[in-house]
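J.: Let's have the full structure, built from the sequences with the hints guiding it.
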Amino acid sequence: MTHDKPGTHETKRDLSWPMWIPYIILLLMLAMTYSLWKIAEKHYQQQEQQLFKTKVAEAKSRIEMRLHNYEYTLHAGLAFMNASDDVTRADWQDFDKTLHTKHFYPGIQGLGYALMLKPAELKDFEKKMAQEYKGFGFFPAGERSEYSAIVYIEPQDARNKAALGYDMYSEPTRREAMQRARDLGVIAVSGGVKLVQEIDENMQQGILMYAPHYKRGAQTQTLAQRRDALLGYVYSPFRLKDLMAGTLEDFEGVDFELYDVSDAASGNLLYRSFDIAKEHRAHLRASELIVVGGREWRFEFRCAEELHLQHPDNEPLLFALFGLIISLLLFSFLYYLVRSRQKLNTINAELLVSGLWLEALLKSSTEGIHVLNRQGELVAWSRSFLQMLGYSESEAAGRGIMDWSTMHEAEVILGNAGHNVDEQRLINTLYRNTKGESIDVELAIRAIEIRGEHYLYCSSRETTQRKIELNELYLFRELINSSNDMIFILSLEDGEIEFANQAAIDLLGYSFAEMKAMGISGFRRPLDEKAHEGFISHLQELKAKQKMTDYAIVTCKNGREILIEANARALSYEGRGYNIAIVRDISKRKEAEDAILKEKEAVKRYLDIVDVMILVLDKDKNVELINRRGCEIIGYSAEEVIGKNWVEHFIPERFRQQVKVVGSRLLSNEKESVGRFENPVLTKSGEERLIAWRNTFLSDEKGNAIGILTSGDDITERKKTENELLRLSQVVGQNPYPVIITDEKGCIEYVNAAGVEQSGYSKEELLGKNMNIFNSGLHTEELYQELWRTIKEERSVWKGTIVDKMKNGELRDCRSTIFPLFDKKGRIVNFVSFKEDITERKIKDKLFVMQTRQAQMGEILSMIAHQWRQPLATINAISGKIRMREIFQEKEESVLVEDLCKIEEQSLYLSQTISDFRDLFHPDRPKEEIRLRTIIARAADLLDHSIKAYGITLEQDGDEEVRVLTYANEVLQVLITLIRNSIDAFVENEITERRISLTAGRNEAFATISLSDNAGGIKAEALQKIFLPYFTTKAPAHGTGLGLYMSKMLIEEHCEGKIEVEVDGTSGTVFTLSLPLPKEPR
Amino acid sequence: MNFKESVRALAEQAKGFSVLYAEDDRLIREQTCDILRMIFSGVETACNGKEGLKLYKKRRHDLVISDILMPEMNGLEMIKEIRAINPRQCIMVSSACEETCYQLQLKALDVSHFILKPIEIEQMIEALHALVISKA
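Protein chains in written order, with our numbering: chain A, 1 to 1082; chain B, 1 to 136.
Take the hints with a grain of salt, since some may be wrong.
[Claimed, not checked] Here are the in silico distance ranges between beta carbons for each label pair:
{"hint": "1", "chain 1": "B", "residue 1": "GLN103", "chain 2": "A", "residue 2": "GLU1060", "range": "36 to 46 Å"}
{"hint": "2", "chain 1": "B", "residue 1": "GLN103", "chain 2": "A", "residue 2": "ASN775", "range": "52 to 62 Å"}
{"hint": "3", "chain 1": "A", "residue 1": "ARG853", "chain 2": "B", "residue 2": "LYS58", "range": "46 to 56 Å"}
{"hint": "4", "chain 1": "B", "residue 1": "PRO71", "chain 2": "A", "residue 2": "ARG853", "range": "29 to 39 Å"}
[To be verified] Among the chain A residues that face chain B by a calculated CB cut under 7 Å, a handful are:
{"hint": "5", "residue": "GLN870"}
{"hint": "6", "residue": "LEU872"}
{"hint": "7", "residue": "ALA873"}
{"hint": "8", "residue": "THR874"}
{"hint": "9", "residue": "ASN876"}
{"hint": "10", "residue": "ALA877"}
{"hint": "11", "residue": "ILE878"}
{"hint": "12", "residue": "GLY880"}
{"hint": "13", "residue": "ILE887"}
{"hint": "14", "residue": "PHE888"}
{"hint": "15", "residue": "SER907"}
{"hint": "16", "residue": "SER911"}
Keep in mind the hints are simulated off the structure, nothing from the lab. Note that CB positions come from ideal geometry on N, CA and C, so glycine has one too.
T.: What follows is the structure, encoded as structure tokens:
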């Protein structure tokens, strides 16, 4: 049966295509080619037409342009003639040279001037010219009503010389143009003429262009005036061929004919640009009209051959040809394809028949026939081959030689491919069936070649079963001999050695023969020396048990003794009993076990040298192991501890429950929560040590918890230190006085809560900032230098009071203590600042000082008063005495008496003033009930001098009767402070009209004194701060910033009143003192 | 009544009056004494309370004028003693001290007339006038 089965499913598909397909395709292709051709052709024609139109337009515009230029030339000539009354020939020659007519206006034959003559003038003219110009002759002769004569013509070449003296009026075509020019006053062009200049063979058509020259200044509005004023003509002859060639030089692509339309008589054709003999049939033509000098010229344009050549018509034809070839090629290809498909169909049918034959052949063959290709793939096979290997029909496809042969064998078999085709070879090899069994086969191989491909035709036959058995035996012997274990076969009856493997011989050193001679007991002895019942009894035991393991010592030939383990088995075969023993050298294993034991010791030693306590507890928390450190900590020896319950014996009672819970949770695998734990242990001396434990549970190989392994660190001391540290940090942190720690540069690293509160900054704002954030600017640079020198260079403590600026701008007195901290090497690492806010205290101190000073002053004033009173009293007494004497002596001198009265008055005033001041500073005056107006009056009295000196109007106003119960002197002092502030403000703000008014009043709860001034007021931002200590708006030399602060203290703290301030409009300030009213008598 | 008239009137009425004047300051004492002598015929002076009291016991003056603060015995003590001798004695105090405590003590000693030093002569004449009238 073949793998590739032609005709089974492929035959059902008809491979042939109908014959009409190629023809249809050919027709379609031809149609397409034709339309392509047509489209290309049309495209080219359009392009050509476009080009032709462009060329025509250009040619026309060039000619027009050129003719215009000629007209300008004539105008230039006219202008020249008009510019001078007497134009000589030389002038005309210069003029022509200046114009460069030949150069700038190619085609122009010359530039000339023709003079008009009456018949009467002719004779004189001829005479005059003959004198001037040698060889001048007037022609043609004859009697005419008017004459003209060419007098100047430039350049003077041979052609132009021929024209000199010619009367152009004599010829009708010229005359017509000249008369038209004269009558219309414009430039006129003549019809085609033969120019007088045509003196040689090369004759051309010519034209002439005339510009009429009128008398200078003559009227030329009407026809008659123009005719009358005519003097001559500036004119130019043109040879048309030269003109056109010059104009259309290097212009290609169009040919044309030029007709003069206005003059049918003169034969029309003026110029033809092409040779009529070589004329081709031009398919593009165009007609254009232009008007030149009053004449209509028609150009008949036609495309020249050059234009045609630029776009050859055969290009579309080439397209068509190419399309045709492609179509034919495609047709022939398709034709042959269809034909070959039909042929294939026929062959397929034939193949089907031969395939059926082959299939039948393979089915019936008993030989294991299989055909392989070069790669060893199975191509065809007989049913018996599959049976031999055990494949089913469906499994066969896709198999190859590697499925049943080894790599080596396959190479040998496949090596036969490509040999002589007729030679048959026989090979014995092994095949493997589907069960993996090897089958001995004899192969008859024949190389075959089908269509160049090489195949192997193999016919296989299975050989005998015996071979397998022999093999097996051989393998078993090898196996036994290659075993590392010693294998013995002994007779079960007498213990005689029947077999010993190679390992036994190698290990023991005896040859098999030697062993057989010695018998098993010759080198084996049991472990237990006493059990020496002999080997026979051992065999009998085996016979009974059939299978046993025992240990013994064997002695090698070299005397070495080996510990062995023997696995013996009783076996009976063909009536005889055997003992098969597999004997293993276990000396090595013993050594390994010893090594483990040693390692265990080593581990124990490791445990002993570590500095943590290591403890192993079993499930019931009995101690299984404790290391040296553990013993040290608890003070017991290992023997005393091991086996005892840990919790019951070594944990203080109050912790036992907790420790038990931890242990149980650990054993139930909740180790995350209890991996670390702290609890104290009880030592032998009864003291407690705090231990930090790290716990883990021990498990058996199945993962069940069997105990706890824990290591403990004695942290009793560390804990103490920690607690102390904590306490110290709390001392700093909760210190009611600010503590700031900075680095060695003064940047803040730590600030406690009090520091944050006092400064008004948040902690975040302060950290990392320099201490100069607090700089108030009130201190001198020296103070800071001194500070730094003390703490940095002297490394000692600096103490002093610094005014610090807080976040809200408030200035506070801080008693500061600053000192450095050192590291172990003695370098400064930090500075610590203690800052106590002593602003209030300091101010109180100041108040106290002030009050003390006032008391002293009071006393001094008291003394002064007393001391001064006596002289004053004396003065008064003397004065009084004199006045009395005057009275009694009856000789009054009124002037003297008056003066004496004044002296008395002054001394009384002096005395009163001293009393007033003494009273003001009188300490510890009790509260008194007093009229507000009295206080106001006193204030006014005390400051009377200043008020007058500064030119201030002081008004006293308000309720006369209001009384207060207060310390009058203190209220007075406050009033004085306020009035002084007003005075300062008047001066500073340069107020000229100064007014202070003091008004007494009352409301429900208080008696009030308000002081208002017009001293300029207080700025809004300052208004809120004026009662703060150290705040002043005055220059440093003038104000301490304490006056109003103290006033507030005096009124609010001491007198239990209130002091308030408001701004009165823009110009003034109002301070209001509210003071308690006296208690109403019941 | 102007000052001149009242002085004359007083001098008229006070003829024959004896006066004790106690004052520790010599200058004041001399000058004031001169004034008093212009009005009264018998004027004796003492430089402290003790001396004053001694003189008073001898002569029992019609009018006693005293300072308060004086060495040895002050004015108040002296007045106390005098009151013990004659509760109806006419007394005037002239002092530089105007403290209330003195005022209260003076009231207790029934001293109705007080003039402040330095003495205003008009005030003194007025006070003396009142005393002389009450005595008469």
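J.: All hints are to be evaluated individually against the structure, with a verdict given for each.
T.: Tested hints:
no., hint, in the structure
1, B:GLN103 - A:GLU1060: 36 to 46 Å, "38 Å, holds"
2, B:GLN103 - A:ASN775: 52 to 62 Å, "59 Å, holds"
3, A:ARG853 - B:LYS58: 46 to 56 Å, "51 Å, holds"
4, B:PRO71 - A:ARG853: 29 to 39 Å, "31 Å, holds"
5, GLN870, "5 Å, holds"
6, LEU872, "4 Å, holds"
7, ALA873, "4 Å, holds"
8, THR874, "4 Å, holds"
9, ASN876, "4 Å, holds"
10, ALA877, "4 Å, holds"
11, ILE878, "5 Å, holds"
12, GLY880, "3 Å, holds"
13, ILE887, "5 Å, holds"
14, PHE888, "6 Å, holds"
15, SER907, "6 Å, holds"
16, SER911, "6 Å, holds"
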